[in-house]
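Visitor: The lines below spell out each chain.
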Amino acid sequence: EEITMIVCGDTMDPIHDKYIAEWEAQNEGWTVAPEVVGWGQCQDKVTTLAVAGTPVGLAYVGSRTLKEFAEFGLIEPIPMTDEEKASYYPNVVGTVTYQGQQWGVPVAFSTKALYWNKDLFAEAGLDPETPPATWDDVIAAAKAVTENTDAAGFGLVAKTFDNTMHQFLHWVYTNNGQVIDDEGNIVLDSPEVLAALEAYKTLVPYSEEGPTAYEQNEVRAIFLDGGVSMIHASIGAVSRLQDTDINWGVANLPLGPEAKGPGTLLITDSLAVFSGTGVEEQAISLAKFLTAPAAQEEYDLNAGLTPLRPSPTIDALVEEKPYWAPYIEGIEYGGPEPLFTDYRAFQNIMIEMVQSVVTGDAEPAEALAKADAELKELE
Amino acid sequence: MPGHKSAVLFAWILLIPALLYVAAIVAYPLVDTFHLSFTDASLRKTTNWVGWKNYQKIFDTEFAEIIGRTFVWTFLSVSLKMIIGTGGAVLLNAALPGRAVFRILTMPPWIVPMAIGIFMWGWMYNGQFGMISGLLQRFGLSDGPVAFLAYGSTAFWATIITDVWIGVPMVTMYMLAAIQSVPVDLHEAAWTDGASRFYRLRRITLPMIFPAAITMSMISLISTFNSFDIIWILTQGGPSGSTTTMIIDTYSTAIGSKKFGEGAARAVVICLFLSAFAILYFQAVTKLSRRMTT
Amino acid sequence: MKKNAMIDRYRWWEVVLMYMGIALFLFFILAPFIEGFLVSLKPLGLLFSTPYKFFPENGSFKAYITMWESVPGFGRYIFNSFYISTIITMVVLALVVPASYAFARIKFKGAGSLLGGFLAVNMFSGAVLLIPLFRLMRSYGLLNTYWSMIVPGVAFLIPTAIWLLSTYMKRIPRELDEAAYVDGAGHFYILRRVILPLAMPGIIVVAITTFIGAYAQQFIFALTFNSKTEFMPLPIGLFAYFGRQEVIWNELMAASFVGIAPAMILIFALQRYLVAGLTAGAVKQ
Amino acid sequence: MGQLALSGVKKRFEKLEVIHGIDLDIKDGEFVVFVGPSGCGKSTLLRMICGLEEITEGDCTIDGTRVNDLPPVKRGIAMVFQSYALYPHMSVFENIAFPLRVEKRPEAEIKEKVGRAAAVLQLENRLHQKPGNLSGGQRQRVAIGRAIVREPSIFLFDEPLSNLDAALRAEMRIELTALHQKLKATMIYVTHDQVEAMTMADRIVVLDGGSISQVGAPLELYHKPANLFVAGFIGNPKMNFIPGTCTAVSPEGATVELVTGASVTVPVTAAGMLQGQPVTLGIRPEHLTQGAGDVSVEITPTVVEHLGVNTVTYADLEGVGNVSALLSGSADVAPGQPARLSFSAADCHLFDAEGQALERRVDSAMPIPAAASAG
Amino acid sequence: MGQLALSGVKKRFEKLEVIHGIDLDIKDGEFVVFVGPSGCGKSTLLRMICGLEEITEGDCTIDGTRVNDLPPVKRGIAMVFQSYALYPHMSVFENIAFPLRVEKRPEAEIKEKVGRAAAVLQLENRLHQKPGNLSGGQRQRVAIGRAIVREPSIFLFDEPLSNLDAALRAEMRIELTALHQKLKATMIYVTHDQVEAMTMADRIVVLDGGSISQVGAPLELYHKPANLFVAGFIGNPKMNFIPGTCTAVSPEGATVELVTGASVTVPVTAAGMLQGQPVTLGIRPEHLTQGAGDVSVEITPTVVEHLGVNTVTYADLEGVGNVSALLSGSADVAPGQPARLSFSAADCHLFDAEGQALERRVDSAMPIPAAASAG
Ligand SMILES: Nc1ncnc2c1ncn2[C@@H]1O[C@H](COP(=O)(O)OP(=O)(O)OP(=O)(O)O)[C@@H](O)[C@H]1O
Ligand SMILES: Nc1ncnc2c1ncn2[C@@H]1O[C@H](COP(=O)(O)OP(=O)(O)OP(=O)(O)O)[C@@H](O)[C@H]1O
Ligand SMILES: [Mg+2]
Ligand SMILES: [Mg+2]
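Protein chains in written order, with the numbering used here: chain G, 1 to 379; chain R, 1 to 294; chain W, 1 to 285; chain P, 1 to 375; chain A, 1 to 375.
Quick caveat, the hints were computed from the structure, so don't treat them as lab data.
Be aware that one or more of the hints could be misleading.
Below, in silico cross-link-like pairs of lysine-lysine (DSS-like), each with a Cα-Cα straight-line distance of 30 Å or less [claimed, not checked]:
no. : chain 1 : residue 1 : chain 2 : residue 2
1   : W       : K109      : P       : K10
2   : P       : K74       : P       : K224
3   : A       : K238      : P       : K238
4   : G       : K288      : W       : K109
5   : G       : K118      : R       : K57
Chain G with its partners taken away, still in its complex shape (with noise of 0.2 Å):
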């Protein structure tokens, strides 16, 4: 028998492959059947099959989305043991439970850090070794790189575009705030959630021209040409800062008031297993199978993500390499993306209040009621 398998992407991972052919080999008579799908239609794709009654037996999907999927009972719980859920970092297991259960097994882990160009602020004046360790200082130093040099001082995201909500989170998440708390109510108009529009609405003049023309790979793409000073990016722009003669640091991203710890936006995918194929359990089988920890540390080393579990090859890694620091420490006071049944809905309402600020059609406090109330009003 078959299972279908949509993953995400351009290309098939080798490391998948492999073990997909590992799994294969121990489950005879079972074949698994993997379609490619580009990022932007994937998660479409998934659902459009699903809806229509063909759903495919294991899909990479967004975690986010499975509150959503388990609510109209599209996919089936995953549930985890106690020793499964430990081996994980902190908060991880939280981005796929729904009510108690597990919906999907996460397989790609993404956070965020800050960098920093030393160049820049150097020739703005400010100590280049030094990163801002909080908003002040973020604030501060954007406001120096502006004024004493031709390039911006923060690379602000506020496109209608996904990472605009994520890069607010980060703010909020290194601020101790919560957009739902943990007995499910919305409680987005916080001071904390304030502090972090606020600090938004001044980094504005020290940002590039127009933030909401920029998600964050374009964003990036201007820190690594040198224009802008500060960015909030994941560990994939290393890569690309060594292509270039930028001096650069990167670090934790700096911490609001209220903040009590290091903290970060904790994203991540999923294996998520569809209803209705009658190869559920195999599709169950298979996707522990693929990100068993041995699997997924060589799939994470290799695809260059944030690692899901701690490992002493881990810990060995950030010896190694002391940019991948900032991206585990984050994670321990790191917040999930808040699931909602329509999350695309809150997702516009989010953009829409970043917007608003960014723009300066509305005042943080006003904007940041609007869109409290909105959110209400959805669940």
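Since the structure of chain G is already known, use the hints to place chains R, W, P and A with the ligands on it.
Guide: Just chains R, W, P and A with the ligands now, kept in the frame of chain G:
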């Protein structure tokens, strides 16, 4: 041929394949959509009949604003397409060396996959690395980068310009054909009477191609109204909803938020709007062109 | 410069103005391609660099070579696009030629509203109908075949084709079929021996427009109804240059140029027929 | 073989009745010409006979069979169109062969028949050309060839010569007449060219606004037009009409006092009740002379055309309108120079208030005077 | 005012020379008609005069000024197109007013001039209609109106009547002649209708394959055609040509032995060297009679047309080809029934081996015999 029964029968025999085909592939999904618009269909396994609720919901939201924006967007885009396309056609009709090559050079926007064309425009609009901002700075027309997609008004125009760009080749070709079908002797007569090139353009060519322009604008109107990819790829309807048209809104609702029922209701509303508009437009325009040509 | 008749003779400033107009017009049309071309020449690392330079410093055609390696199936995608478009064009012609004949040459009740009905199909964008269409494709068992792209592609290309061709056919003098009818020719005989050969220029135009519509613009159906890589058409193939997070812009642009080249060559070869066929057809309401 | 009868034939397009009930018998082998002003329904009538238009009411019978519901080919009819309706993509041979191909005749027969038709029409050397490369007259002949090969018993022609220039028209007229004599088929021919009608027809049918105005041999129409319409329509230049009042009726004819003041007794058969009624006197331009006559009028020509053998003058006459005269080539007239013209009572036509002609006492086989068909 | 001269005018399209060097002088106020078969270059010549076509070689001068490089307006020329070239989207008023609007004349002047032109052309009641709603004759008049308002010194007409039916054509012909008399402007008129040429022209220019074949007054061309081409082209039915050999030349004329066996002495001025040369004798159909004459031939008519006053017969004569005769209306001829026709030597034309006419000893103002212009 006379209206003999056999002829009418034959007409239907000829039509049936195309009719059945379109009925099977389009009409059925349409009916399905219509049906969906009265349900709360979503990812949920069950769907319930909700009557007019979806339609009521549409008008509870900022839909009125979106409709208004859609019409302005469509109107501007179609007008620009017609103006630029007709202007281009007039130029390409001139007896200048190289015009065969020029004509071919107007085709690429039509041939390139739409998404690619839009990406290229995205590059152009980029404030830091794009051509427009770059040239503006180079020629000193702007002292810093200009991110065209960053602000409501510029993004609105940027999406229109891109839509115009994609639509212009078709309009140019049609209008070129129309211009060429203006009888030569009319120009000769006018020229004999001393009419300058511009005078002839204004008083002969343009009035004579008016009926063709009407037809073309109608066709372009429908596709412009439904223009989706351009806005979606460039701005996703942002910033702050400033480029959200009816079709974008429908897509976000139906596909983005997976509210199929509500999305279907919006699709039906769009279709109603378009049909009503098309009928009115055609009536007004047939009257007008009858007055123009007889 | 060939000596034009006096009526076509331009004064020097008219020539200058018109060339300027054409230059402006063509710049508008081609600017994105210039941008795209420049992008295709730049090494990925230097893509994002300021200040803006019209001519890239380290420009090279490397992307045009590496694109074949990054997306090994690209040639196949172009072939698929050609294949799918050819079949779509043939099916559309097979359906549209008889229907246009009926609309253009036979008077029957309801012709007007029926034609309107066909055109109404264009009022719905395919995106809205995606899910019902998907169910339909599945129940016909067409998913993941070439047909999954051909079948819906045809449906959405039929209306314009009918409209174009029937306006063309309306211009063939009525007496020709009357004469044939008086001579005892049946409807089908008239269609085949008289109207078809005469409508050829119109049919060519319809074929070209349909082909291009199918070649370049059929994205969404291919995406949703087909998951077999070996059947993917060009637009999807181009999306293969989107990596997991990153877009290989220079190769994407290079591939775009390579991908549209065949269609450009086609247009280049047939543009004479295109303008001529349109002149005889579509202009009249 | 080719006998045709129309009885009570009417045609309505939607609500509009354009043919108001036509009764007509056409003998086998006859050459009948339909004439009438534009829009009077000539083409419509022909197309109904052909089967291209439905007959709304009434019957069309061919050789005794009602053919209303038969397609053209079953009626034994061939039609030649004004525009020729040649198939531009086929060679002359294929054009002529078309009806035979439709019937799927064997190749040999097609070759033979087309060859015969081409010989008759002198098209042998053109068989491989496309119609686009032919002259007007040759195209016309191809169209006729296509009709001939079917060997129909009735030929229909709808203004077949109107696209040709004058010389060619004259030539083709002769060819058609010769063809009629050779084939001996019934021919129905629509034209609005009088010369064609007069020279070719056995009988002319004058149509006016969807009804038959008069049917008769050419000279009959010339000499004894049944009404004002036919009188004005047949003859070129057009008959002059002078209003007047009937003052007396006698066995010699009707005495008329014209608006010009003159009085004349026209030899027509008139009833006594005509006395005191307004009438119209008709006199053909060719019957106006500069010599003496029963009545004379003074005119001042505005235009004088010297045709060599004749001179045509045109003048405005008060109370009458335009008056034209066809005078001899040597006539001494010049524009703006008053002249006196006269005519004899015997040449006059008389029409009552309804426009119906009073019967003239002349032989309708009398020849037409000089240049009546000029122009 | 409207004097025009062409000298050595040539026209080449790409490589192809279609006008081979035309020399022509046209007097102010003259009405000149260009005739010739289709494709002989009439339109091309007219369009060169107008300025619509470049003159490849040679000069066109108007009132002494070389105008080769001037646009039409500057030449003081107005042109009426065969297709009328009316602007379908403008009212009749606007169509006529067009040249004035181009010149930006004041509204009052435009109103007045258009009103005057409309009055001349009887279009007052049509001014607000669109051309699409007008009859052919009315459209023609609108086209002329548009030419009139500019008050040009030269009018050009390219087959302006060829789209009209015969009756209307006759009418418009008269209107044009009247107009010429009224405006006294130079008019150059292209047609291939002989009747138009004969009735309207002061002088006719016969073109043949891009060269002038003969220029002269209408009756001069009729009586003294300069060559075979003109002889055959002018006159309807066409002149009959009988091949023969010149046997003797004397002061009385040239004696010719015809292929029919007969011998005749034609009163022409001939050089002695003609003797023994092949010649062609021309005799117009209207000069063939059933009575006695200098020469007679026996024919068997294939077609006989009874025009009332005349009868036209067509026959095939061995060694000669088609022969037509225009006989009196009462002539006793029938198809297939042999008849004897004769003609007199004085009516004959004689052409040498090159087709050039030998000068006839006749007065070219002599009227043309009956029905020469029939058809
Ligand atoms: N298909 C039609 N629908 C409505 N009216 C028509 C149609 N065909 C003809 N008519 C009308 O019928 C009348 C007769 O037309 P018909 O063509 O028979 O005239 P005709 O005598 O042939 O004129 P012409 O000499 O111009 O050819 C006209 O008034 C015409 O407008
Ligand atoms: N634009 C052109 N290019 C090439 N050849 C041309 C062009 N216009 C005319 N000719 C040729 O020049 C010759 C003369 O054409 P023209 O139109 O002057 O003839 P015409 O005497 O007016 O004939 P008709 O009586 O048919 O109008 C023809 O052989 C024609 O084919
Ligand atoms: Mg007719
Ligand atoms: Mg011509």
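Visitor: None of the hints should be skipped; say for each whether it holds.
Guide: Hints and how they fare:
no. : hint             : in the structure
1   : W:K109 to P:K10  : holds, 23 Å
2   : P:K74 to P:K224  : violated, 39 Å
3   : A:K238 to P:K238 : holds, 27 Å
4   : G:K288 to W:K109 : violated, 66 Å
5   : G:K118 to R:K57  : violated, 53 Å
Checked against the numbered hints given earlier, the structure breaks hints 2, 4 and 5 and satisfies all the rest.
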